[in-house]
Amino acid sequence: MIQLRKISKTFERPGERALHVLKGVDFNVEQGEFVAIVGPSGSGKTTLMNILGLLDRPDSGDYQLLGSQVSAMSATELAKTRNATIGFVFQQFHLLPRVTATENVELPLVYSDARDTVKKAVNALCRVGLEERLSHFPSELSGGQQQRVAIARALVNDPEVILADEPTGNLDQESGQQVMDLFLELNRAGSTILFITHDQKIADQASRVVRIDNGCLTASLN
Amino acid sequence: MNWKLLLAGSFKLMSRYKLRTFFMGFAVVVGVATLIAGRALSTGSEQQIMQRVNQMFGPGTILIFSSTLNNADLEAIDQQLEQVISWSPRFTLGELDISYQGADRQAAVYGHSERADFVWNRDVIDGRFFTNDDLVRSARIALIGTRLAETLFGSTSPIGEEILIDAIPFSIVGILEPVGIDPHGEDRDEDIYVPITTAMRRLSNTDYVGSAKIVVSNHQMVDQDAEQIAEIMRERHLIVAGEADDFAIYTSKFAGRSVARANQVLDVYLMVAAGVVLLLAAVVISSIMLVIMRERIAEIGLRKAIGATQLQISQQFLIEVASVTLAAGVAGIGLGIAVASLISKNIDVPMVISAQSIILGLASAVVVGVVSGIAPARKAAALDPVEALR
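Chains as they are written, first to last, in our numbering: chain A, 16 to 237; chain B, 26 to 415.
If you are wondering where the hints come from, they were derived from the structure by calculation, not from laboratory data.
A couple of the hints might just be wrong.
DSS-like mimics (lysine-lysine), calculated; alpha carbons at most 25 Å apart, straight line [unchecked claim]:
| # | chain 1 | residue 1 | chain 2 | residue 2 |
| --- | --- | --- | --- | --- |
| 1 | B | 278 | A | 95 |
| 2 | A | 135 | B | 37 |
| 3 | A | 95 | B | 29 |
| 4 | A | 135 | B | 278 |
| 5 | B | 404 | B | 43 |
For each label pair, taking beta carbons as the anchor points, the in silico distance ranges come out as [as the list claims (entries may be wrong)]:
| # | chain 1 | residue 1 | chain 2 | residue 2 | range |
| --- | --- | --- | --- | --- | --- |
| 6 | B | 384 | A | 27 | 51 to 57 Å |
| 7 | B | 36 | A | 77 | 43 to 49 Å |
| 8 | A | 27 | B | 36 | 20 to 26 Å |
| 9 | B | 47 | A | 205 | 36 to 42 Å |
| 10 | A | 45 | B | 312 | 48 to 54 Å |
| 11 | A | 107 | B | 36 | 25 to 31 Å |
| 12 | A | 205 | B | 36 | 46 to 52 Å |
| 13 | A | 205 | B | 312 | 47 to 53 Å |
| 14 | B | 316 | A | 41 | 43 to 49 Å |
| 15 | B | 409 | A | 23 | 18 to 24 Å |
Glycine is no exception: its CB is placed at the ideal position from the N, C-alpha and C atoms.
Kindly generate the complete structure, drawing on both the sequences and the hints.
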């Protein structure tokens with residue numbers, strides 16, 4: 016499903032040494048996998064995630080997503096692919112503040128051809144167990160609930176893969192575990208999920224753990 | 026792309042950020058209101074002035090002024106030009122002392138003929154107008170304006186009463202139809218009319234009438250008729266080629282043209298004023314949008330991550346700002362009409378709201394929105410999602 020070959024990314028910063036964030040990373044993900052990406056800060060995890068999520072382009076290397084060559088896609092094709100095949104979950108949730116849970120979840124459908132958008136959004140919120148919080152504003156929800164709204168938003172377009180960048184990083188242990196339980200459940204139901212974490216206990220729940228160190232993929236565990 | 030959902034979302038955001046929506050819209054409200062109120066009153070006053078010009082002139086009329094104009098000149102014109110329907114001289118006495126039962130004041134006194142009710146388009150609303158007999162006898166009778174009648178006699182009828190004009194007793198036989206204030210600011214309802222023969226013989230001592238109005242059959246031809254009248258006048262007053270005329274001639278067409286020109290100047294001025302306000306509005310909106318954008322960087326990053334293209338991001342910003350300014354335009358039209366009707370009542374000028382000015386108001390509001398939204402929208406569209414989501 017996802018095939019990365021020799022992916023490299025370098026950040027040029029004026030007045031400083033160029034930063035080689037990714038140095039020829041090879042990485043495959045199969046349909047239905049539940050993969051944790053771990054590694055110290057600055058090791059290139061987030062850059063890898065941005066490339067996987069089509070938010071950033073590698074300097075060199077080859078990326079095939081669902082059989083399509085990503086480097087050949089135009090900006091508009093990348094946007095459409097993000098909308099249809101990828102669901103994002105962020106550490107800071109990134110919910111719109113003065114917009115209800117349902118409206119937040121509806122947001123990706125604005126950029127698709129979907130119909131019955133409210134129904135789809137409500138369904139997604141039911142899947143994450145927030146059927147009682149449909150018209151609440153983010154400020155009226157706990158951190159764990161906000162992250163579950165964000166997961167519902169990632170699910171609403173039935174994506175092929177969910178990419179989560181430290182989804183439990185801003186949550187207490189209990190809410191973090193609830194989010195992980197939700198991911199496990201979604202994965203059992205067929206979703207492909209990749210997530211970044213610092214927390215070994217969280218990473219251990221994945222079916223595969225990948226470690227990045229200094230821009231290189233060093234080990235695959237589990 | 027689901028437009029309905031995007032629009033609904035944008036409207037919800039605007040209603041939930043009321044203060045910033047208000048600040049963005051306020052300048053447009055003021056600009057459009059200026060435009061609407063200004064045009065309403067300028068069109069209204071133009072119509073009012075044209076109405077008065079028509080009342081004073083009537084269509085197809087020619088005014089002639091000369092300190093050496095006499096009745097013989099006018100009779101010659103009447104005989105030589107078959108298109109002359111009627112004519113009537115006017116002798117202007119200026120402000121004279123008026124006295125009634127010891128109360129003294131001043132009023133503008135004019136000498137008129139028995140044809141002035143038609144030619145000068147001013148009849149009586151009570152009593153009777155002059156007759157040929159009054160002119161032959163140089164009768165000491167007078168017609169007075171409604172406001173003067175009210176000041177001198179209050180609610181009692183002035184007809185049959187005697188007043189002194191320059192210490193000569195005149196009896197009032199009629200009340201002149203009210204016409205209001207003329208374009209020079211003189212209240213024509215304070216006027217007194219006396220028979221022109223009386224004015225020339227008893228109140229003054231002259232053979233010259235000073236001015237006259239001539240009505241011709243075809244109002245399209247007044248300028249040509251006026252030229253023929255000028256020829257007759259030159260002949261009779263022995264003015265040779267190259268010498269300056271001792272008379273002046275004005276036509277109803279000429280008066281209409283100068284009113285139209287004066288109003289055009291006013292219109293241009295109003296447009297410029299409204300334009301400056303709307304330009305300021307665009308600057309204000311643009312800077313508010315740029316500030317808002319800074320607050321909305323994460324939102325833009327998120328929208329890009331979930332599949333918005335650059336075009337869709339800039340469209341969203343343009344739609345948001347254009348709908349705020351469109352709504353502000355509607356409010357501005359309401360405010361403009363309210364202000365215009367308030368002013369209209371206070372200064373006694375009618376207001377005219379045309380479909381044209383409403384369309385102009387709405388269009389300029391949308392244009393201001395789009396113009397001021399372009400820079401922020403482009404900036405938003407160009408944001409790097411990776412940076413924006415950090």
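Mind checking the hinted window 47 to 53 Å against the Cβ distance between residue 205 of chain A and residue 312 of chain B? Holds: the Cβ-Cβ distance is about 50 Å, inside 47 to 53 Å.
Is it true that the CA of residue 278 of chain B sits at most 25 Å from the CA of residue 95 of chain A? Violated - the C-alpha atoms of residue 95 of chain A and residue 278 of chain B are around 68 Å apart, more than 25 Å.
In this structure, is the beta-carbon distance linking residue 409 of chain B and residue 23 of chain A contained in 18 to 24 Å? This hint holds: roughly 19 Å between Cβ atoms.
Would you say the C-beta atoms of residue 205 of chain A and residue 36 of chain B sit inside 46 to 52 Å of each other? violated, 37 Å
Holds or violated: residue 95 of chain A to residue 29 of chain B, with C-alpha atoms at most 25 Å apart: holds, 19 Å
Between the beta carbons of residue 316 of chain B and residue 41 of chain A, is the distance compatible with 43 to 49 Å? The hint (43 to 49 Å, Cβ to Cβ) holds, given that residue 316 of chain B and residue 41 of chain A are roughly 45 Å apart.
Using the C-beta atoms of residue 384 of chain B and residue 27 of chain A, is the stated range 51 to 57 Å upheld? Roughly 54 Å apart at Cβ, these two residues keep to the hinted range, so it holds.
Range hint 36 to 42 Å (beta carbons of residue 47 of chain B and residue 205 of chain A) holds or violated: violated, 49 Å
Between residue 45 of chain A and residue 312 of chain B, does the C-beta distance stay in 48 to 54 Å? This hint holds: roughly 51 Å between Cβ atoms.
Are residue 135 of chain A and residue 278 of chain B close enough, with their CA atoms no more than 25 Å apart? violated, 72 Å
Below or equal to 25 Å on CA atoms is what counts here, so check residue 404 of chain B against residue 43 of chain B. With Cα atoms ~23 Å apart, residue 404 of chain B and residue 43 of chain B stay inside 25 Å; holds.
With respect to the beta-carbon atoms only, verify the hint that residue 107 of chain A and residue 36 of chain B lie 25 to 31 Å apart. holds, 26 Å
Consistency with the previously given hints fails for numbers 1, 4, 8, 9 and 12, ordered from lowest to highest.
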